[in-house]
Amino acid sequence: MFRRNLAATAVALAFAGPAPAQDADLAKIREEIKQNREAYEQRIRALDKRLGEAEARAGKAEQSTTKTETAAAGPAGRAGDNAFNPAISLILQGTYANTSQDPNTFQITGFVPSGGEVGPPKRSFGLGETELTFSANIDPYFRGVAIAALTPENEVEVEEAYFQTLALPLGLGLKGGRFLSGIGYQNEIHQHAWDFQDAPLPYKAFLGGALRQDGVQFRWVAPTPVFFELGAELSSGDQFPGSDQNKNGAGAGTIFGHVGGDVGSSYAWRAGLSYLRTSPKDRAYEDVDSLGSAVTNTFTGKARMWIVDAILKWAPNHNPTSTNFKLQGEYFRFKQDGNLTYDDSGQAAPQFGAPFTDTFNTEQSGWYAQGVWQFMPRWRVGYRYDTLRYGTVSNGIVNNGLGPTAADFPVLATHSPTRNTAMLDWSPSEFSRLRLQFASDKSRIGVTDNQVFLQYIHSLGAHGAHKF
Amino acid sequence: MNWLKYLLAALLPAFAVPAVAALNIFACEPEWGALAKELGGDQASIYVATTALQDPHRIEARPSLIAWARTADLVVCTGAELEIGWMPLVQTQSGNPKIQAGQPGYFEATRQLTLIEIPQRLDRALGDVHAAGNPHVHLDPSNIARVAAALAERMAQLDPGDTAQYRARARVFLERWQLASARWGKEGAPLKGLPIVVYHRDLSYLLRWLGMREVGALEPKPGLPPTASHLSELLANLGRDPAKAVVRSAYADPRAAQWLSERAKIPALMLPFTVGGSDRAKDLFGLFDDTLARLLTVAK
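From first to last, the protein sequence lines stand for chains A and B. Going by our numbering, the first residue of the first sequence is number 2, and it counts up by one from there. Going by our numbering, the first residue of the second sequence is number 4, and it counts up by one from there.
If you are wondering where the hints come from, they were derived from the structure by calculation, not from laboratory data. Zero decoy hints are in this set.
When the alpha-carbon atoms are kept at most 25 angstroms apart in a straight line, the in silico DMTMM-like pairs for lysine to aspartate or glutamate are as follows:
1) Lys336(A) x Asp245(A)
2) Lys468(A) x Glu84(B)
3) Lys268(B) x Glu217(B)
4) Lys224(B) x Glu431(A)
5) Lys303(A) x Asp359(A)
6) Lys40(B) x Asp292(B)
7) Lys268(B) x Asp256(B)
8) Lys303(B) x Glu265(B)
9) Lys248(A) x Asp215(A)
10) Lys303(B) x Glu190(B)
11) Lys285(B) x Asp263(A)
12) Lys303(A) x Asp239(A)
13) Lys285(B) x Glu178(B)
14) Lys40(B) x Glu156(B)
15) Lys336(A) x Asp288(A)
16) Lys468(A) x Asp131(B)
17) Lys327(A) x Asp256(B)
18) Lys40(B) x Asp263(A)
19) Lys327(A) x Asp58(B)
20) Lys195(B) x Asp244(B)
21) Lys468(A) x Asp58(B)
22) Lys101(B) x Asp140(A)
23) Lys468(A) x Asp76(B)
To list a few chain B residues with every Cβ distance to chain A over 12 angstroms, as calculated:
24) Glu190
25) Lys195
26) Leu210
27) Val218
28) Gly219
29) Gly242
30) Ser264
31) Arg266
32) Lys285
33) Arg297
Glycine residues also receive a C-beta, built at the ideal position from the N, C-alpha and C atoms.
Make a model of the complete structure from these sequences and hints.
Here it is in structure tokens:
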């Protein structure tokens, strides 16, 4: 670098002189350049020598450090087979619930039941899901994660179990196994990290709480200073709005894109657009007919969903420790086209005794918005409004007037549910949280369920990282 | 279609690919950003993921961090679990194979050093303890020198074309650093034995270097915010074992320090903690100059 500067100086000097340069002047300039060069070279030599010494010293220090490190690492149990054990963490959860309506009668009237566990927790004391997470790098190319849920009914469910690539170039990533879909915003957030005890209504009605699929996911992150990612998933489509289709190929597909960044020194945001498409076959749900006897309805056709999501977070200087605010909202549009079969032939004394099949088309929507404010260390308050719009439900069986009437489809009665929820939570440390939540839930037609939940969420073991 | 033109004009700069330097460096904390700048010069373009006003334990894996990590050739972090709450997510979500743990593109400063305060017992009942030891290593000048030597070598390894430049800059930096360290050692002599109350145990290396004495911490346990009961207990202890000042880092909430300062009648002192924490702490030299100057105001 010095040499380059030197050359530049020389050129500058050569051109700066008066056009008919005197020999004496030139000689003087040459002499100056020579002196300059010598001075620089001397300085470089001196620096080289001194810095060589400094480096040697640093090197020595480093060596001794390594020695100490090895020694220090010994007693911590870094040897043996256990050293490669995956990181393990356990989430403990439970609730105390008071509800004005019987949780067993829960339904989201106006919407085809999504089959998920979307109702309020059981009354009185109840255990939530105990989540056991294992995660580790498999090798330089893959990372593996498994999350098992021990349910209060003493069952074990595989929440997630997937591998993820670590070494694909160009911002590409591949995930395979069972995982939470990347659609929407809240879908990928684990239940213990939600800001309320339960999922927003559109998640309950359209995705059974959260879309979890067995399949593969591709993601691509753009090499831009503004966060931009695209993703696509192919899955078996077993879960609502899909169903087990018993066919080769993928049963459901999603595509999604997310954009995000910072605004100023205190705001961060992310917005996204997602699309889900699946073709359920004989997707069944239970209902009762006009006489109150059990009926099975099955749907076969196409289901499509669009989700728009956005989140804005505020924390002074991006430091959320003392205070922060989070504003989050998502809009869902859900469309189904196909045929519905009404079958009461399973009953002892059926009204009709034979199945009816006719067209079934729905176009429904829902959205929620929520704000959570940490007003001082440890304490947060939050409010959520969520609603579903009945939209249009065109049931050919009812329309043609030949058999079952609207009274034989009570779950699909015209109703647009709404809910107001408020919560207050206290987190003594990063690893524990107690929450009090009040909700006025109009999911069922004609009744309001006033709910009070007291909830604890504790996390043991490896320090998990939380998604934005 | 005019609106489309305007939309594109508005969006394109935002999506423009960042300027190409030989080495794109993602520094987890400002001190390593400043060090990388000293060593990298024009060869490196540096993005500093956090500021002096942020608690390095509590960073969110914001979309902007993921976007910058996507194009990084080298991530320079503290390590020792300081970034455990956010960096693993940034690494996996960035889709960048170069910066994964174990790759040359992932550099941890604490790997070059001997850590202090390694817990005898790992139990979260003791607070948010770090199994590998205290990770806040940068406020001891000799640690900076060790990390500098190792980091320059790492940069040279990742950008072999410019090896000579990184080494030359490391030499110049270490030379200046050595002179400055000697001067700080001399200036800091009056601080020997100075008793202070800290906020979090993030100044331990500074205290050890200068021979200062910690008589208490505002946090009842590492990582837990100060509580009224703990503060009153601390105040009572100060009656027996008085401190000269309550010292907190720039990112820490000032209220607890203020509370104790008023009642114990000792000054509350804010230290920049890292580069950018005060007007004078513009680089690593300014950081130590300012830290010493501030501490010396209470040493009389």
